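Protein chains in written order, with this note's numbering: chain L, 1 to 237; chain D, 238 to 478.
These are calculated hints, taken from the structure and not from any lab test. The structure presented is a predicted model; accordingly, all values stated were derived computationally and were not measured. Where is the CB? At the ideal position from N, CA and C, for every residue including glycine. Be aware that one or more of the hints could be misleading.
[Stated by the list, open to error] Label-pair distances were calculated between CB atoms; the ranges are:
(1) L:227 x D:478: 53 to 61 Å
(2) L:76 x D:356: 44 to 52 Å
(3) D:292 x L:63: 16 to 24 Å
(4) D:356 x L:65: 37 to 45 Å
(5) L:227 x D:467: 20 to 28 Å
(6) D:263 x L:63: 30 to 38 Å
(7) D:376 x L:65: 36 to 44 Å
(8) L:48 x D:356: 38 to 46 Å
(9) L:90 x D:403: 58 to 66 Å
(10) D:403 x L:165: 33 to 41 Å
(11) D:344 x L:61: 28 to 36 Å
(12) L:52 x D:376: 34 to 42 Å
[Unchecked claim] Incomplete in silico selection of chain D near chain L, CB under 10 Å:
(13) 308
(14) 312
(15) 316
(16) 319
(17) 322
(18) 324
(19) 329
(20) 338
(21) 342
(22) 343
(23) 390
(24) 391
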Amino acid sequence: MDAIKQFFANFGRKFVINFVEQNRWRYLADGLLNTLIITLGAVILGFLLGFIVAVVRSTHDKTGRMKVGNFFAQIYLTVIRGTPMMVQLLIIYYVIFGAVNINKVFCAVLAFGINSGAYVAEIIRSGIMSIDNGQMEAGRSLGLNYRRTMLSIILPQAFKTVLPALANEFIVLLKETSVAGYIAIQDLTKGGDIIRSQTFEAYMPLLAVAAIYLVMVIGLTKLVRLLERRLAKNDRR
Amino acid sequence: MIDVSHLYKSFGDLAVLEDISETIEKGEKVVVIGPSGSGKSTFLRCLNLLETPTSGTITFDGEDITHCSGKELDRLRRRMGMVFQHFNLFPHLSIRKNITLAPVKLGLMSREEANETAERLLKRVGLPDKADSYPNMLSGGQKQRIAIARSLAMNPEVMLFDEPTSALDPEMVGEVLDLMKQLAEEGMTMVVVTHEMGFAREVASRVLFMADGKILEQNPPDEFFNAPNNPRLKDFLSKVI
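Here chain D stands alone, though its shape is the one from the complex:
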């Protein structure tokens, strides 16, 4: 579904990603872990071109998104949901408007349809009574669940999660992870950058370990966590588990 080939990304002189090639199949749940500064967030952000790769190609469903027009890119981005570490809800809009803004402005749904979708999604993320609240009235966990609902309103085919629980108080991490697990069970294709090893173990179909801009090891979670090969990964796991 997503094909990455020979992806390079550098900021000035700093090489962040070096020759990454990877394929993500439909229905896969890929979890990316690694020390901070390893390039895992940049890798994720390249997938929907929030970062422009220095070189290499990324194809989504057969279409080359690294060399397409801006219009084409906007169209492709609708099909890839993204959830951010800092939620990035729109603080000037009510929760309902946060969810319905994109589908309505892009002409995908009428306002009534979008409102119904919002009601349905709010029920699904367990916050049915928050439609008329504003983002800064919510807790971090609630904000992140709304952010997920906002992405889902576009009916994406793949969801990208950029450290979705890193900015949360510990007691709120569970509610967001539970929602993500539920999504995974429903068959959503997911790419998740996270530090939650428990989540990786339980949900991932494949875990990638990144360091120094390269993917050093990847395996299904059982092998990945129980029989790591790469010395860097062994070292990393010994520190975090």
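Extracted from the complex, chain L is given alone in its bound form:
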């Protein structure tokens, strides 16, 4: 009981020390900005990559074409999903771009985007494969070619099916960017850590960091639910 009383008695003072003094909140704000930039960039890159790989893979599965593309897609998926995200980040920064002076945030966008792409690819592919083959046949029998049928008929339905899984992937991605600190990017997590190293207080900055992630994830979830509801308008019976 005493500990709890103590905690609340000190709360205001600690809040001031950790966030107000010397404008320490700026570490969190700057970090948040970097986290958002990395996440947004990686989501876009990951979606594009994943989309392309998914279409190549499912075209191969359905028609037997694109053998070379499928081969490289398989290698990409195996390597990316078979090694830890953090190792990939370190390799991209220290090995691939080791010799050149390069923007770290750009490096992180690349690393997280390439990583996310592998997972997005399999999510979208599962969506494409879940659409009844009759849809493709109906499109083709009307004289639409494979590409047109894919774009106008298969993919819109597949996208709707995989939206919850995609949202989940992007939520994971948002939180996974917290390892960006390993290449000395000051992201949200690192920002909290810097405050901790200055004030020697652990719970204030770290709880604040956790709370900010949580709020972002809740916001993202709400956004996706809104989108899902919009896309579900043709499910009414």
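The hints should help you fit chain D onto chain L, whose structure is shown.
What follows is chain D alone, placed relative to chain L:
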């Protein structure tokens, strides 16, 4: 109009069609019947190359569709409508969009023209007030009539029907068959795989009996149903009628 010669189709080791040769003339209404697994659906699906024949040639209006380019095939498919057992409407699109998608995307009609065509076709299939509905709000019979309207929007020269009433509740079979009869009366060339013997009797200009991947007998409906020769056909008819 459609010439099939020495058509073979096998899935792995399973021979589904064996040496089928057949000619379908313009204006004919050919009904294909036979026990399940006899290859009749595969035969129909070969006609617009939804199944690729193992060997043999199919020509449509003088053009060899089994050996043409993919582009050429897409162009030929526009002229052959197809209606499926499970309708295969596009569930994410409104009925209007279902009908107008292909003509608009292929640049055959402007959006306005296509919408007018859709209105006209919906009236024709008896569902003028469904343009803004979505497929899963409709009954099976309504879905199939929309599927027929969707095919008609391409102004096809021949219509292929793959068991169009097999997935329907009994009380909805009539509305689809009536629409098909109407099409037949207007002179549409039709190839119909079905189990509806009444339809075959009434509408067909020729009935084919398929079993084990071969066409065992064919005749105009009167002879076909009243004086069958092939023992397999006699047996089949005794079971279904």
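To see whether the hints hold, each was checked on the structure:
The hint said 53 to 61 Å for the Cβ distance between residue 227 of chain L and residue 478 of chain D, and at roughly 55 Å that hint holds. Checking the proposed 44 to 52 Å range against residue 76 of chain L and residue 356 of chain D shows it holds: the Cβ atoms sit about 49 Å from each other. Checking the proposed 16 to 24 Å range against residue 292 of chain D and residue 63 of chain L shows it holds: the Cβ atoms sit about 20 Å from each other. The given range of 37 to 45 Å is respected by residue 356 of chain D and residue 65 of chain L, whose C-beta atoms sit roughly 39 Å from each other.
A hinted range of 20 to 28 Å is violated for the C-beta pair residue 227 of chain L and residue 467 of chain D, which are about 59 Å apart. Between residue 263 of chain D and residue 63 of chain L the beta carbon distance is about 33 Å. The supplied range of 30 to 38 Å therefore holds. The hinted range of 36 to 44 Å is satisfied by residue 376 of chain D and residue 65 of chain L, whose Cβ atoms lie roughly 39 Å apart. Between residue 48 of chain L and residue 356 of chain D the beta carbons are some 39 Å apart, a value that agrees with the proposed interval 38 to 46 Å.
At about 60 Å, the beta-carbon gap between residue 90 of chain L and residue 403 of chain D stays in the expected band of 58 to 66 Å. Taken as a hint, the range 33 to 41 Å holds for the pair residue 403 of chain D and residue 165 of chain L, whose Cβ atoms sit roughly 35 Å apart. One distance hint, 28 to 36 Å for the beta-carbon pair residue 344 of chain D and residue 61 of chain L, holds here, with the actual separation near 30 Å. The hinted window of 34 to 42 Å between residue 52 of chain L and residue 376 of chain D holds, with their beta carbons roughly 40 Å apart.
For residue 308 of chain D, the interface hint holds, since its Cβ comes within 10 Å of a Cβ in chain L; the closest pair sits about 8 Å apart. Satisfaction of the interface hint for residue 312 of chain D is found here, the shortest Cβ-Cβ separation to chain L being roughly 7 Å, below the 10 Å cut-off. Hint on residue 316 of chain D holds. Least Cβ distance to chain L is approximately 8 Å, under the 10 Å limit. Given hint, residue 319 of chain D at the interface with chain L, holds; its Cβ is 4 Å from that chain's nearest Cβ, closer than 10 Å.
With a least beta-carbon distance of about 9 Å to chain L, the hint placing residue 322 of chain D at the interface is held under the 10 Å criterion. Interface restraint check: residue 324 of chain D against chain L, minimum CB-CB distance 8 Å, threshold 10 Å, status holds. A distance limit of 10 Å between C-beta atoms decides the matter here; for residue 329 of chain D the minimum to chain L is near 5 Å, and the interface restraint holds. Restraint check, residue 338 of chain D versus chain L: the minimum CB separation of about 6 Å is within 10 Å; hint holds.
The interface hint given for residue 342 of chain D holds, since its Cβ lies 6 Å from the closest Cβ of chain L, which is under the 10 Å cut-off. Restraint check, residue 343 of chain D versus chain L: the minimum CB separation of about 6 Å is within 10 Å; hint holds. Hint status for residue 390 of chain D: holds, given a least beta-carbon distance of 9 Å to chain L, under 10 Å. The interface hint given for residue 391 of chain D holds, since its Cβ lies 6 Å from the closest Cβ of chain L, which is under the 10 Å cut-off.
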